[in-house]
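Protein chains: 2
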Amino acid sequence: MSTGKLTIDLSALAANWRALDALCSGETGAVVKADGYGLGVAEVCRALARAGARKFFVAVAEEGAAVREALGPGPLISVMSGHMDGDSALLRAHDLTPMISSIDQMLRHVERTPRQSFGIQLDSGMNRLGLEPDEWAALRDIAIRQMPVMVMSHLACADDPDHDMNARQLRVFKEMTAGIDVPRSLAATGGILLGREWHFDLARPGIGLYGGLPFAQARTVVALDLPVIQVRDVHPGETVGYSNTWTAERPSRIATLAAGYADGLIRAMGSRARVHHGETACPVVGRVSMDLIAADITGLAREPEALSILGPHQSVDDLAEAAGTTGYEILTALGDRYARTYLK
Amino acid sequence: MSTGKLTIDLSALAANWRALDALCSGETGAVVKADGYGLGVAEVCRALARAGARKFFVAVAEEGAAVREALGPGPLISVMSGHMDGDSALLRAHDLTPMISSIDQMLRHVERTPRQSFGIQLDSGMNRLGLEPDEWAALRDIAIRQMPVMVMSHLACADDPDHDMNARQLRVFKEMTAGIDVPRSLAATGGILLGREWHFDLARPGIGLYGGLPFAQARTVVALDLPVIQVRDVHPGETVGYSNTWTAERPSRIATLAAGYADGLIRAMGSRARVHHGETACPVVGRVSMDLIAADITGLAREPEALSILGPHQSVDDLAEAAGTTGYEILTALGDRYARTYLK
Numbered sequence: 109m110s111t112g113k114l115t116i117d118l119s120a121l122a123a124n125w126r127a128l129d130a131l132c133s134g135e136t137g138a139v140v141k142a143d144g145y146g147l148g149v150a151e152v153c154r155a156l157a158r159a160g161a162r163k164f165f166v167a168v169a170e171e172g173a174a175v176r177e178a179l180g181p182g183p184l185i186s187v188m189s190g191h192m193d194g195d196s197a198l199l200r201a202h203d204l205t206p207m208i209s210s211i212d213q214m215l216r217h218v219e220r221t222p223r224q225s226f227g228i229q230l231d232s233g234m235n236r237l238g239l240e241p242d243e244w245a246a247l248r249d250i251a252i253r254q255m256p257v258m259v260m261s262h263l264a265c266a267d268d269p270d271h272d273m274n275a276r277q278l279r280v281f282k283e284m285t286a287g288i289d290v291p292r293s294l295a296a297t298g299g300i301l302l303g304r305e306w307h308f309d310l311a312r313p314g315i316g317l318y319g320g321l322p323f324a325q326a327r328t329v330v331a332l333d334l335p336v337i338q339v340r341d342v343h344p345g346e347t348v349g350y351s352n353t354w355t356a357e358r359p360s361r362i363a364t365l366a367a368g369y370a371d372g373l374i375r376a377m378g379s380r381a382r383v384h385h386g387e388t389a390c391p392v393v394g395r396v397s398m399d400l401i402a403a404d405i406t407g408l409a410r411e412p413e414a415l416s417i418l419g420p421h422q423s424v425d426d427l428a429e430a431a432g433t434t435g436y437e438i439l440t441a442l443g444d445r446y447a448r449t450y451l452k
Numbered sequence: 109m110s111t112g113k114l115t116i117d118l119s120a121l122a123a124n125w126r127a128l129d130a131l132c133s134g135e136t137g138a139v140v141k142a143d144g145y146g147l148g149v150a151e152v153c154r155a156l157a158r159a160g161a162r163k164f165f166v167a168v169a170e171e172g173a174a175v176r177e178a179l180g181p182g183p184l185i186s187v188m189s190g191h192m193d194g195d196s197a198l199l200r201a202h203d204l205t206p207m208i209s210s211i212d213q214m215l216r217h218v219e220r221t222p223r224q225s226f227g228i229q230l231d232s233g234m235n236r237l238g239l240e241p242d243e244w245a246a247l248r249d250i251a252i253r254q255m256p257v258m259v260m261s262h263l264a265c266a267d268d269p270d271h272d273m274n275a276r277q278l279r280v281f282k283e284m285t286a287g288i289d290v291p292r293s294l295a296a297t298g299g300i301l302l303g304r305e306w307h308f309d310l311a312r313p314g315i316g317l318y319g320g321l322p323f324a325q326a327r328t329v330v331a332l333d334l335p336v337i338q339v340r341d342v343h344p345g346e347t348v349g350y351s352n353t354w355t356a357e358r359p360s361r362i363a364t365l366a367a368g369y370a371d372g373l374i375r376a377m378g379s380r381a382r383v384h385h386g387e388t389a390c391p392v393v394g395r396v397s398m399d400l401i402a403a404d405i406t407g408l409a410r411e412p413e414a415l416s417i418l419g420p421h422q423s424v425d426d427l428a429e430a431a432g433t434t435g436y437e438i439l440t441a442l443g444d445r446y447a448r449t450y451l452k
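Chains as they are written, first to last, in the numbering used here: chain A, 109 to 452; chain B, 109 to 452.
None of these hints come from the bench; they were simulated from the model.
In this text the structure is predicted, and so the values were computed from the model without any measurement.
Worth double-checking, as some hints may not be accurate.
Because identical chains share one entry, a pair is satisfied inside a single copy or across any pair of copies.
In silico SDA-like pairs for lysine to any residue, Cα to Cα no more than 20 Å straight-line [as the list claims (entries may be wrong)]:
#	residue 1	residue 2
1	K113	A197
2	K113	A173
3	K113	E170
4	K282	D309
5	K113	G194
6	K113	D193
7	K113	L198
8	K452	P420
9	K452	S119
10	K282	R292
Just chain A, with the same shape it has in the complex:
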């Protein structure tokens, strides 16, 4: 076995859902797109359903089919790309609820799947997905008569509570949904933390469930341990890895570990990342290779069999900082070669 060991704590995932649910003034759903943020959509969905989630959000219809297979009939499964050309059979077969984001999509939905549930996605300022105010004004009365299951929008800057965009989008969303009797949803994890005014009828946490910022109180969900393939002495002046980017300044013990950027250890992290043996941090040295990284273990008393790159001493957000990205990308990049264990 020379693959990393990825351990996914489903009880921590469930605890994070319950902690966010306790903050929400309305119902709490769960975003499980991108294979459950990289952690395995079937296991993730079942754990969240056991915790109490009844509304699930995915990006595309194909993902919705996998969620339905994992959960069986009953829970609402919302498809955030809406009703695309070619989706109709999947939506029907798996009882999926597209979040309609344009007049084109609305026409397609009514024409091809007239009895299929749907929601409405409004653009409150992010300019990414959702009906614009003028489109919504034209469609609103017709759409409401078709009984959408929810009206939703998405915040662009919710991870930054001080950004004035949050209040602006809240105001626009309130204006666009004033006087309609349809459940409303605006907040993901960041929006939940902004406060009750953002919660409306349904919140849709994603990253916070999986242990990432901005939910600083989240329990750690992911641990990743990398086996040591080989340990060698490197003399001062010798280099390690591609393009000789790291040079030993002292007699060093260098461990080669079995994971690289093909496993989602983003290449940009380079030598800014660390691996841990117990509480001792060991710097990554040289370039991240496709299947390998090297670490300076000179400070360790004995040769380890494995080193930790995600766990209690280095969170997904710590590793993201080393790679110049976000915890979201660290999670969704986690590769297929790891041996995965689910703690229940």
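Add chain B to chain A, keeping to what the hints say.
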């Protein structure tokens, strides 16, 4: 269907193998680790075997099992992480050939799988995998009597033909393998292009097969087209995407496309990437989201159904440059949500 369409040209892959094979003075194998550089190991291996490859290289034993399943008995399958604890049953069951990189691994191999073929991996200066000169000196006579199928090493700087490391590693490799009657292998794609002195008995191209630099003559293997979910007008002063990083300076038409960093569109590319409609380039605007990107299509005469992000007008290396990484990472990051088509 709101997922991207990934088209993999197996005839271009085979042509790239033949073109590299024509350059080599010895035999030409193929590196198919990391799921065939992200393109699907079974299809990739079968196409390369049809082209004439008989020796395949993977990173870990689990990958070797998948290659054996795709190819059946016969071809040599080399495991570059060697013989790790826990690998023995897999190596035996699938007739895999570990590249032994330490004395520990040699002892494990002889003890647990004494009749199983193996190779020797030497460190010629990269300090990543392979026996050090002093370890090799101690092991050499014993190892040779066990009849390794090859002795290999790996170049650290072969992508840069002017780097003096190339000549230094060549010299060390020659010294370490002088006087032994075992096939020798040093070059991957970059090493092949350095010239015949680096080729020895077996070359092991990887990236060049898949259309990436440093093999500038490679045929394009990968095309990726992203469906347009929605198009909207954005007024001057309005922002697009997370954290409002892009602001329209003129009346703009913005398309939202169905792929993001969870599909391997590395978040760091941000607004430096482009998508194409025919020959017209459209800049990506704002942050790459998990499942979505936005592009400025103001310059297009009509609304496209899809836009190309990899293909004849933007290579994996072009996209890598936008993301501050290499074509290798662009390929291995390609996600699981794409609909894949193989051209034969």
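Here is what the structure says about each hint:
no. : hint        : result
1   : K113 - A197 : between (38 Å within a copy, 19 Å between copies)
2   : K113 - A173 : between (28 Å within a copy, 19 Å between copies)
3   : K113 - E170 : between (28 Å within a copy, 13 Å between copies)
4   : K282 - D309 : within (13 Å within a copy, 71 Å between copies)
5   : K113 - G194 : between (38 Å within a copy, 13 Å between copies)
6   : K113 - D193 : between (40 Å within a copy, 14 Å between copies)
7   : K113 - L198 : between (34 Å within a copy, 17 Å between copies)
8   : K452 - P420 : within (18 Å within a copy, 48 Å between copies)
9   : K452 - S119 : within (5 Å within a copy, 46 Å between copies)
10  : K282 - R292 : within (9 Å within a copy, 71 Å between copies)
The structure fails none of the hints (numbered hints given earlier).
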